[in-house]
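**Student:** Sequence:
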Amino acid sequence: MKLHRACHNKQLDEVLRLVDAGADISEVEAAGNTPLHSAAYEGWSEGVELLLQLGAKANASNNAGDTPWHWATNMGWDEVASLLERNGATKQKGQVLVPEHVPKVKDFYSKECWAHHPKPYADFMAFKQKERAELEAERKKAQAAAHMVMFNPKSRPWYDYLLNYNYNPHAVFAGGVKSVSKDGQLQWPKRNMYSICGDAAEERKWDKPGQLGGTYKKGQVISTDIVFAQNHLGRVHMRLCPLDAKAVKDCVPLRRPDGKGVTYDLPWTKGWYGVTDGFTPPVSTKNLDFKLSKMQLVGKPQGCAAWSCDQFRGMYVYSFNWQLPKDFTCEKCKLQLYYLTASRCWPPCQKEPCTKPVGYEFCGKPGATYPEEFWNCADVKITS
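First residue of the sequence shown? That's 8 in the numbering used here, and the numbers climb one at a time after it.
Honestly, the hints are just simulated from the structure, not real lab data. Ideal Cβ positions, reconstructed from N, Cα and C, are used throughout, including at glycine. Among these hints, one or two may not hold up.
In the DSS-like style, the derived pairs of lysine-lysine whose C-alpha atoms are separated by at most 30 Å in a straight line are [unchecked claim]:
{"#": "1", "residue 1": "339", "residue 2": "267"}
{"#": "2", "residue 1": "215", "residue 2": "388"}
{"#": "3", "residue 1": "277", "residue 2": "372"}
{"#": "4", "residue 1": "372", "residue 2": "267"}
{"#": "5", "residue 1": "197", "residue 2": "185"}
{"#": "6", "residue 1": "301", "residue 2": "197"}
{"#": "7", "residue 1": "225", "residue 2": "339"}
{"#": "8", "residue 1": "9", "residue 2": "100"}
{"#": "9", "residue 1": "197", "residue 2": "363"}
{"#": "10", "residue 1": "185", "residue 2": "277"}
{"#": "11", "residue 1": "64", "residue 2": "253"}
{"#": "12", "residue 1": "225", "residue 2": "215"}
{"#": "13", "residue 1": "388", "residue 2": "301"}
{"#": "14", "residue 1": "224", "residue 2": "253"}
{"#": "15", "residue 1": "388", "residue 2": "298"}
{"#": "16", "residue 1": "277", "residue 2": "363"}
{"#": "17", "residue 1": "197", "residue 2": "64"}
{"#": "18", "residue 1": "64", "residue 2": "100"}
Pairwise CB distance ranges (calculated) [unchecked claim]:
{"#": "19", "residue 1": "189", "residue 2": "293", "range": "41 to 47 Å"}
{"#": "20", "residue 1": "208", "residue 2": "33", "range": "16 to 22 Å"}
{"#": "21", "residue 1": "61", "residue 2": "280", "range": "43 to 49 Å"}
{"#": "22", "residue 1": "278", "residue 2": "137", "range": "31 to 37 Å"}
{"#": "23", "residue 1": "390", "residue 2": "293", "range": "32 to 38 Å"}
{"#": "24", "residue 1": "358", "residue 2": "199", "range": "27 to 33 Å"}
{"#": "25", "residue 1": "137", "residue 2": "310", "range": "46 to 52 Å"}
With the hints as constraints, model all of the structure from the sequences given.
**Tutor:** Have a look at this one:
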């Protein structure tokens, strides 16, 4: 049932490849569901439209008599339901092929299948709706407290997202401003935290070495890809550190290959008044000193342990280039990404004279508000 899996994973290219290879667009699994049922269940409008164009039957019914329209409607995908209606789908139930007394069987994922008969199917849909609502609430909670994550090279938080589906990989901020500033007792840049990888004072998670996120050659120009789910503007640093480094003094700041220093400042985004979301582009995309692209679907080929890891899909990816030292090699060391936000105070002046587009003070100046900061570490290997 590879076509069903591709639809659940929202893999458009894989669907096209399978169909070109002869896959049956109307194939059914144990519960009588077609690939169109799978796409409708996931709310995947792009896939539904493609399947319909390829000849999928809009009113195909499963063993419980439910069509793709019923799945889309029960899951709350109104846009998909409307798309199906425009392509001839009706609200009428199909023939119920399996009576209620038939025991459950295994579906193509080897899980108990509840869709063979009307009553258990209704129970199943109620369960899935509740589950999705809980996951959506978790996502929103994560977005409210979260900002950025580096996925190339694969950072430790990114691996946590891929393998454990942690919805908060972009919230590695040492416990937040209150914790880092010790409830306002410290003036920036003094910090109350455990590690340079973003562990709070009482935390020991992100400092632990993890899977290798990238392999490079000494002196190489590398690209680091970052998603800012909540963009507070600000400044990005990248450092190369021994694996056991506990302080930035033990690290080497990476320089930009264009000779413009050791940091990148994020450009102003449309409608920015302290924050914009990750889908908002810079005011101007011309003459940027970094590459800008869109986050694609992350699925199993990219290391996702779930069907898909699409929390950041469609957000802007900021790709910054850095020059590795010409005399540094390691079997395993770590890249440290540091993001200083600009919504509470403005990043410090690096070369006088300095101006700032906001009314509040430069970070670290008397009276300045303590900034929000984020960290990511990636385990890397650097060869000769």
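**Student:** Does each hint fit the structure? Answer for all of them.
**Tutor:** Hints, one by one, checked against the model:
Between the alpha carbons of residue 339 and residue 267 the distance comes to roughly 28 Å, so the proposed pair stays at or under 30 Å and holds. This hinted pair checks out: residue 215 and residue 388 have alpha carbons roughly 16 Å apart, not beyond 30 Å. Of the supplied pair hints, the one linking residue 277 and residue 372 holds, its CA atoms being roughly 28 Å apart against a limit of 30 Å. Restraint check: the Cα-Cα separation between residue 372 and residue 267 comes to about 25 Å, which is no more than 30 Å; the hinted pair holds.
With a C-alpha separation of about 13 Å, the suggested pairing of residue 197 with residue 185 holds against the 30 Å cut-off. Using a Cα cut-off of 30 Å, the hinted pair residue 301 and residue 197 is violated, with the two alpha carbons roughly 35 Å apart. Restraint check for residue 225 and residue 339: the C-alpha separation of about 13 Å stays at or below 30 Å, so the hint holds. Among the hinted pairs, residue 9 with residue 100 is consistent with the structure: their alpha-carbon atoms are about 27 Å apart, no more than 30 Å.
Note on residue 197 and residue 363: the hinted pairing holds, with a Cα-Cα distance of about 23 Å set against a maximum of 30 Å. For a cut-off of 30 Å, the pair hint linking residue 185 to residue 277 stands: about 29 Å separates their Cα positions. With a CA separation close to 60 Å, the supplied pair residue 64 and residue 253 exceeds the 30 Å bound. Pair hint residue 225 plus residue 215 holds up; C-alpha atoms about 24 Å apart against a cutoff of 30 Å.
With a C-alpha separation of about 27 Å, the suggested pairing of residue 388 with residue 301 holds against the 30 Å cut-off. For the given pair, residue 224 sits about 24 Å from residue 253 by alpha-carbon distance, which is consistent with the 30 Å threshold. For the hint pairing residue 388 with residue 298, the CA-to-CA distance comes to about 24 Å; that is within 30 Å, so the pair holds. For the proposed pair residue 277 and residue 363, the alpha carbon gap of about 17 Å is at most 30 Å, so the pair holds.
Distance check on the hinted pair: residue 197 and residue 64 sit about 64 Å apart at the alpha-carbon level, beyond 30 Å; violated. Straight-line distance between C-alpha atoms of residue 64 and residue 100 comes to about 14 Å, which keeps the hinted pair within the 30 Å bound. For the pair residue 189 and residue 293, the beta carbons lie near 43 Å from each other, so the given range of 41 to 47 Å is met. Taking 16 to 22 Å as the suggested C-beta distance range, the pair residue 208 and residue 33 does not conform, at roughly 59 Å.
Distance hint for residue 61 and residue 280: a CB-CB separation of about 46 Å, consistent with the stated range 43 to 49 Å. One distance hint, 31 to 37 Å for the beta-carbon pair residue 278 and residue 137, holds here, with the actual separation near 35 Å. As the Cβ distance of residue 390 to residue 293 is approximately 37 Å, the hint placing it in 32 to 38 Å holds. Between residue 358 and residue 199 the C-beta distance comes to about 30 Å, which sits within the given range of 27 to 33 Å.
Distance hint for residue 137 and residue 310: a CB-CB separation of about 29 Å, inconsistent with the stated range 46 to 52 Å.
In summary, the structure is inconsistent with hints 6, 11, 17, 20, 25 from the numbered list given earlier, while agreeing with the others.
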